[in-house]
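We have chain A already, so just place chain B on it with the hints.
Chain by chain, the residues run as shown.
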Amino acid sequence: MTTTATHNTLPVRSNAVRDSWNVLVRELRPVVRDPFSLIFSLLQPLVFLGLFGPLLIGGSDAPAGEVLQWFVPGILVMIALFGTGVTGSNLLMEMQTGSHERTLVAPIARPALLIGRALKEMAPIMVQAGVIALATIPFGFSVNPLGMLLGLVLIAIFGMGFGALSYTLALVSRSRDWMFWAVQQATIFPLMILSGMLLPLEDGPRWMQVAAAFNPISYVVAAERALFAGELSSPDVLWGFLAAAVLAAIGLAVGIRSIKRSD
Amino acid sequence: MTNETIITARGLTKKFTVKRERVDAVTGLDLDVQRGELVAFLGPNGAGKSTSLRMLTTLLPPTSGTACVAGYDVRREPNEVRRRIGYIGQGNSAGHYQRVRDELLSQGAFYGMGRAQTRRRADELLESLDLAPLAKRGVLSLSGGQKRRLDIALGLLHSPELLFLDEPSTGLDPQSRENLWQHILDLRRTHGTTIFVTTHYLDEADRFAERVMVMDHGRLIADDTASGLKTTLAGDVITLGFDSAGDAAAARPIAATVTGASVSVNGQQLEITLDHGDRVLPRLLRELDTADTAAATAGLRQPTLDDVFLALTGRSLRDDSGASETAAGKAAQEESALKEEVSA
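Protein sequence lines correspond, in order, to chains A and B.
Sequential numbering from 1 applies to the first sequence in our numbering.
Sequential numbering from 1 applies to the second sequence in our numbering.
Bound-form chain A, shown alone:
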């Protein structure tokens, strides 16, 4: 009779919100312990901005401010695309050791494993977006504060969906980890180029414009440009949110299904 006295009487039911928060906190611990990794991750977008931006400005007749107004929102979406696209690779590593298994055997709501991780990728992206926006203001980039806030929300929804898809890809390719990278690399670059985030597609061939119309990221990029420019009532904004929401719904649905199947 004395034996059970030391056992916990564990309270509270499984709760997806609380569990997502716990997963997020766990994922953020190494970032907080070693903030240098966060600083380092700022490098990639700044390289694009510093090395690609001048080429765009030089190749265009428009003033620098106007080019940045077009270019910076695209770069922010790019950060989210690449940042959340690797969510799955972190999971792959955790699956090779036993730490993913440990989370599966814990009483954590299954969707929380996915949502917590996707949110973790968003946290540094928010910091990066802020830094980039601030760094470009001296060069003529103008920010509508409300538009930027909405823009970050939009990026968060988009990143959640794309992160969930990356997570799903990792679960599916768990026994062949090369497949994760093959598929990831094969999709991420076409998605990036066909969204018009680095170079405008208006001057491209017709087929590229058609392909871009089927790429949800095109709508997100267009919406970000409208939001940062303060055109909050532009239909582009609505389409962007719609595209991101659909992507997030699909990503979460597929991801949760694959976690449940891999139990």
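What the hints contain is simulated information worked out from the structure, not anything from laboratory work.
Keep in mind the model is a prediction, meaning the values are calculated, not measured.
Be aware that one or more of the hints could be misleading.
[To be verified] Derived pair list, reagent style EDC-like, types lysine to aspartate or glutamate, alpha-carbon separation capped at 20 Å:
1) Lys260(A) - Glu77(B)
2) Lys15(B) - Glu210(B)
3) Lys136(B) - Asp34(A)
4) Lys136(B) - Asp123(B)
5) Lys19(B) - Asp177(A)
6) Lys260(A) - Glu80(B)
7) Lys136(B) - Glu124(B)
8) Lys260(A) - Asp73(B)
Chain B in isolation, oriented as in the chain A frame:
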């Protein structure tokens, strides 16, 4: 309390399809484990031990059959089962980029423990598992033995009433193995935790478990205490050496009369398989002396679980676990079978 069943499985079965071939990983597993028992699941790699454990810990849905663990059905209420059990798998549980103490804090949150309670419990475990000086170290910098101790700490953090360990000592040096078992036994003594462990180390099952279940080809083929298994299935072997083959032949009928067992002659040697050989041997030697057919050498070998396994299956367990390369290959095969199944 003593007769309360904490694990019940009936007809638990798992089939995988690997490259269109059906693999019967576990077939019709029936078992009952009482609260407070220390049970070892013994068998060669690929016997179905891990698959059974994964079904009992909600990691793998059974193809058919039922299992009730810590009072809840593994299929219907997996979360209730998860709350109450601890699981230490074959891999390392801590994330590579995490710090030792951080992982313990996250684990407490996952199990719904309060922050103060988690901190207290984490520090207590760090201390008792000799991990306290490493609390702030990154997991990647730990040695194999240290990582394993951290796995144990993570598995114990929420003070589970039932702890599953899947080959906990694989890959550890003898000292770390000894140390690990000391912790497991301590836990049981102080908290009455029920422990269910799989192993292919015979000596571990022999020394530590009160109850040994032997598994082979996905089926449970024996379930008894280690000494019970040895007495019923293997028996002791007395080997007597003589100066000549003639002496051996002359001694044979005397040995048969004294022991009441069958005696085989092998040149100058006699071999007798019997129960309680240690009690029979002194008398046998005296009788042989009296009959003027004194033995030149005498040996007694008591059975090991390997002999038990040999008696049960006609194969030696060591053939399998001895060659670590093939063992690893089979483990990988089993593992990839699991993966195939989940991705199918």
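Worksheet item: Which numbered hints does this structure break?
Response: Number 2 only.
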